[in-house]
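Participant: Please model the complete structure; the sequences and the hints are all you need to start from.
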Amino acid sequence: MLETRAALEGDRTLAYATLAPSVVFLVLLAGVPTITVFVTAMQDIGMGDMSGPYVGFENFVWALTSESFYTALWNTFIWVFGSVSIEMVLGLGLALLLNKTFAVRGIARAVILAPYLVPTVVAVLTWRYMFHDIVGIINAGLIATGLIDKPLLWLNSESLAMTSVILVGVWKFFPFAVIALLGILQAIPQEQYEAAKIDGASSMQQFWRITLPYVMPVFLLTALLRTIWTFHKFEIIYLMTGGGPLDATTTLPILVYLKAFTDFEFGRAAAVAILTFGILGILLGLYFMLIKRAEARQ
Amino acid sequence: MARLEIRQVSKIFADHTAVSDVSLTVNDGEFLVLLGPSGCGKSTLLRMIAGLDLPTYGDIVIGDRVATRLQPKDRNIAMVFQNYALYPHLTVYENIAFPLRVRGADSRLVDEKVQWAAGLVGLSKLLKRKPRQMSGGERQRTALARSLVRDPDVFLLDEPLSNLDAKLRHSAREELRQFQDRVGVTSVYVTHDQVEAMGLGDRIVVMQAGTVRQIGTPEEIYQHPADTFVATFMGSPPMNLVSQGDVTLGFRPESFLPEGNYPAGSDITRISFRVHRVEYLGGDRLLYGHVSGNLPETPAIARIPSSVAYSPVLGSETAFAVASGDLRRFETASGKALSTAVPASERRLAHA
Numbered sequence: 001m002l003e004t005r006a007a008l009e010g011d012r013t014l015a016y017a018t019l020a021p022s023v024v025f026l027v028l029l030a031g032v033p034t035i036t037v038f039v040t041a042m043q044d045i046g047m048g049d050m051s052g053p054y055v056g057f058e059n060f061v062w063a064l065t066s067e068s069f070y071t072a073l074w075n076t077f078i079w080v081f082g083s084v085s086i087e088m089v090l091g092l093g094l095a096l097l098l099n100k101t102f103a104v105r106g107i108a109r110a111v112i113l114a115p116y117l118v119p120t121v122v123a124v125l126t127w128r129y130m131f132h133d134i135v136g137i138i139n140a141g142l143i144a145t146g147l148i149d150k151p152l153l154w155l156n157s158e159s160l161a162m163t164s165v166i167l168v169g170v171w172k173f174f175p176f177a178v179i180a181l182l183g184i185l186q187a188i189p190q191e192q193y194e195a196a197k198i199d200g201a202s203s204m205q206q207f208w209r210i211t212l213p214y215v216m217p218v219f220l221l222t223a224l225l226r227t228i229w230t231f232h233k234f235e236i237i238y239l240m241t242g243g244g245p246l247d248a249t250t251t252l253p254i255l256v257y258l259k260a261f262t263d264f265e266f267g268r269a270a271a272v273a274i275l276t277f278g279i280l281g282i283l284l285g286l287y288f289m290l291i292k293r294a295e296a297r298q
Numbered sequence: 001m002a003r004l005e006i007r008q009v010s011k012i013f014a015d016h017t018a019v020s021d022v023s024l025t026v027n028d029g030e031f032l033v034l035l036g037p038s039g040c041g042k043s044t045l046l047r048m049i050a051g052l053d054l055p056t057y058g059d060i061v062i063g064d065r066v067a068t069r070l071q072p073k074d075r076n077i078a079m080v081f082q083n084y085a086l087y088p089h090l091t092v093y094e095n096i097a098f099p100l101r102v103r104g105a106d107s108r109l110v111d112e113k114v115q116w117a118a119g120l121v122g123l124s125k126l127l128k129r130k131p132r133q134m135s136g137g138e139r140q141r142t143a144l145a146r147s148l149v150r151d152p153d154v155f156l157l158d159e160p161l162s163n164l165d166a167k168l169r170h171s172a173r174e175e176l177r178q179f180q181d182r183v184g185v186t187s188v189y190v191t192h193d194q195v196e197a198m199g200l201g202d203r204i205v206v207m208q209a210g211t212v213r214q215i216g217t218p219e220e221i222y223q224h225p226a227d228t229f230v231a232t233f234m235g236s237p238p239m240n241l242v243s244q245g246d247v248t249l250g251f252r253p254e255s256f257l258p259e260g261n262y263p264a265g266s267d268i269t270r271i272s273f274r275v276h277r278v279e280y281l282g283g284d285r286l287l288y289g290h291v292s293g294n295l296p297e298t299p300a301i302a303r304i305p306s307s308v309a310y311s312p313v314l315g316s317e318t319a320f321a322v323a324s325g326d327l328r329r330f331e332t333a334s335g336k337a338l339s340t341a342v343p344a345s346e347r348r349l350a351h352a
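From first to last, the protein sequence lines stand for chains G and F.
FYI, the numbering for the first sequence is 1 to 298, going by the UniProt record's numbering.
FYI, the numbering for the second sequence is 1 to 352, going by the UniProt record's numbering.
No wet-lab data here; the hints were simulated from the structure.
We put the beta carbon where it would ideally sit given N, CA and C, even for glycine.
Among the hints, a few may not be true.
[Said to hold, decoys possible] Derived BS3-like pairs (lysine-lysine); straight-line CA-CA distance at most 30 Å:
#: 1; chain 1: F; residue 1: Lys130; chain 2: G; residue 2: Lys197
#: 2; chain 1: G; residue 1: Lys197; chain 2: F; residue 2: Lys73
#: 3; chain 1: G; residue 1: Lys292; chain 2: F; residue 2: Lys130
#: 4; chain 1: F; residue 1: Lys113; chain 2: F; residue 2: Lys130
#: 5; chain 1: F; residue 1: Lys336; chain 2: G; residue 2: Lys197
[As the list claims (entries may be wrong)] Covered stretches of chain G, going by a simulated chain F footprint (3 or more residues, C-beta under 8 Å):
#: 6; region: 79-89
#: 7; region: 201-214
Facilitator: Structure follows, in structure tokens:
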């Protein structure tokens with residue numbers, strides 16, 4: 001086996017060679033922009049002057065002392081908490097329903113997954129029509145049923161805009177929770193329920209004592225994953241309201257965009273982006289911790 | 001505790017009949033084993049007793065109540081599942097306590113009962129464990145304790161030993177039987193393993209293709225099989241069958257010995273045997289070969305204790321014999337035994 005060493009060397013060269021393109025792309029596509037953002041955050045870059053002077057942590061100080069940052073942080077919290085909690089509860093309910101045997105189950109499963117497959121832009125434009133104060137079907141329906149007597153400004157009033165975008169976000173993404181939860185529901189062994197029936201557990205007790213504990217780890221992981229994804233969601237809000245009216249729906253990603261491309265304050269935008277990145281990093285850490293715990297339980 | 005009666009029960013699924021017109025009675029305190037190959041309907045029958053499946057026809061009577069349409073929880077039965085169906089997120093203590101908790105028992109009673117049941121199956125020291133931290137045998141005992149905790153009238157067991165390795169299965173079988181003797185609950189036990197059935201059952205119900213082939217004590221079933229199916233299903237290696245026109249002769253491998261082994265003048269039936277191969281099993285030797293001579297050439301097996309001095313000559317015809325009392329006769333066409341009468345001396349009361 002004199003060739004072993006040479007063969008190993010050859011294998012290694014081949015391994016590096018095949019890995020190289022991916023590494024190069026990763027560095028170019030993820031590494032360089034990330035570093036650029038960090039560098040930008042330390043500069044005072046404005047319109048027309050892309051080689052702004054180094055200002056240290058000034059942009060961060062601005063962010064952490066400005067009202068707009070905290071408003072965006074609060075809006076982000078409302079947006080994330082509102083969307084994810086409704087998505088998860090709705091998702092669990094529908095998953096439980098779809099897990100039962102009934103006549104049109106196959107069709108129902110397909111229909112419920114549809115929103116997830118509709119392109120966001122198409123979905124948002126459709127919803128904007130539906131939310132329109134004068135020609136929208138939502139106001140028309142509410143007036144026809146007598147619930148309201150004059151049109152509501154769904155997207156143009158500070159009090160309703162966030163509710164509206166949350167509604168659209170939920171509509172678009174609850175199928176994800178349904179898929180994840182339906183998967184775990186189907187993995188619960190039937191004998192568990194049969195044993196419980198013989199032991200005298202009612203349907204409610206079966207839900208609380210068997211279904212829920214079984215589903216909980218996946219429920220939490222899905223909720224956390226949805227939290228992370230909803231946190232940096234940009235296009236739904238931007239296309240629906242552009243962050244307005246005033247700053248009623250300006251979340252952190254929207255603030256980054258507005259700072260950069262409306263106010264042309266790239267340095268401050270980068271600082272907000274990095275702070276957002278930090279919060280997401282904490283959430284991601286939490287996610288991996290939960291995954292590890294779930295794996296340890298297996 | 002109660003008597004269990006199954007009256008002309010059938011279960012017909014969309015595409016096949018799983019159980020067909022089965023009637024049987026399990027006496028109070030009896031340990032009855034439902035035995036048969038997979039797909040014979042034994043598990044379906046057990047599920048109907050449990051109330052998990054509804055019979056298409058017939059009735060199930062527990063104690064003096066017709067239970068056919070009662071919910072599982074209203075039958076006061078307990079069931080141990082093949083995979084134990086323990087709740088993975090609950091400790092052993094909470095698993096055992098489950099039937100009491102869902103019935104809203106107060107925590108003092110729960111604790112008393114759990115300690116009692118855990119003590120019975122030797123789990124008192126493991127109550128804080130979760131099922132995943134336990135061995136197969138411990139899980140099985142947890143499932144037993146859970147099923148005991150509410151004093152069921154009838155105890156149903158669906159192949160509870162099949163997930164254990166061979167060594168553990170043997171000791172678990174012994175424990176289970178001792179345990180049933182102690183508790184004395186009417187039990188119905190489903191298995192496809194004839195050794196398990198013989199070792200555990202007061203009586204055995206042999207099922208095939210949804211029907212009952214024979215009901216009897218292990219000895220009755222082994223010594224006097226009702227038909228050729230039971231004759232070949234019970235015993236390993238199975239009973240030798242030799243067709244001779246309308247009649248099929250049957251004899252167990254261990255009753256098939258060299259003629260010289262019988263004292264002169266004993267009532268024996270001589271059968272020539274040509275041995276092809278010898279398998280040494282330690283305590284016994286299995287001789288594979290063909291019967292020949294006055295009988296049609298048919299494959300057969302003889303089981304000779306290693307303590308018997310005998311060295312077979314491969315390929316040559318040897319004089320073997322079966323004690324006439326050990327010879328069984330079946331009708332060739334139907335496979336039914338021709339004389340099913342069991343000698344009174346061999347009859348054993350199910351629960352003497």
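Participant: Hint by hint, say whether it matches the structure.
Facilitator: We went through each hint and held it up to the structure:
1. Lys130/F to Lys197/G: holds (22 Å)
2. Lys197/G to Lys73/F: holds (6 Å)
3. Lys292/G to Lys130/F: Holds: Lys292/G and Lys130/F sit about 19 Å apart, inside 30 Å.
4. Lys113/F to Lys130/F: The given pair, whose Cα atoms are some 19 Å apart, holds under the 30 Å limit.
5. Lys336/F to Lys197/G: violated (42 Å)
6. 79-89: violated (count 0)
7. 201-214: holds (count 7)
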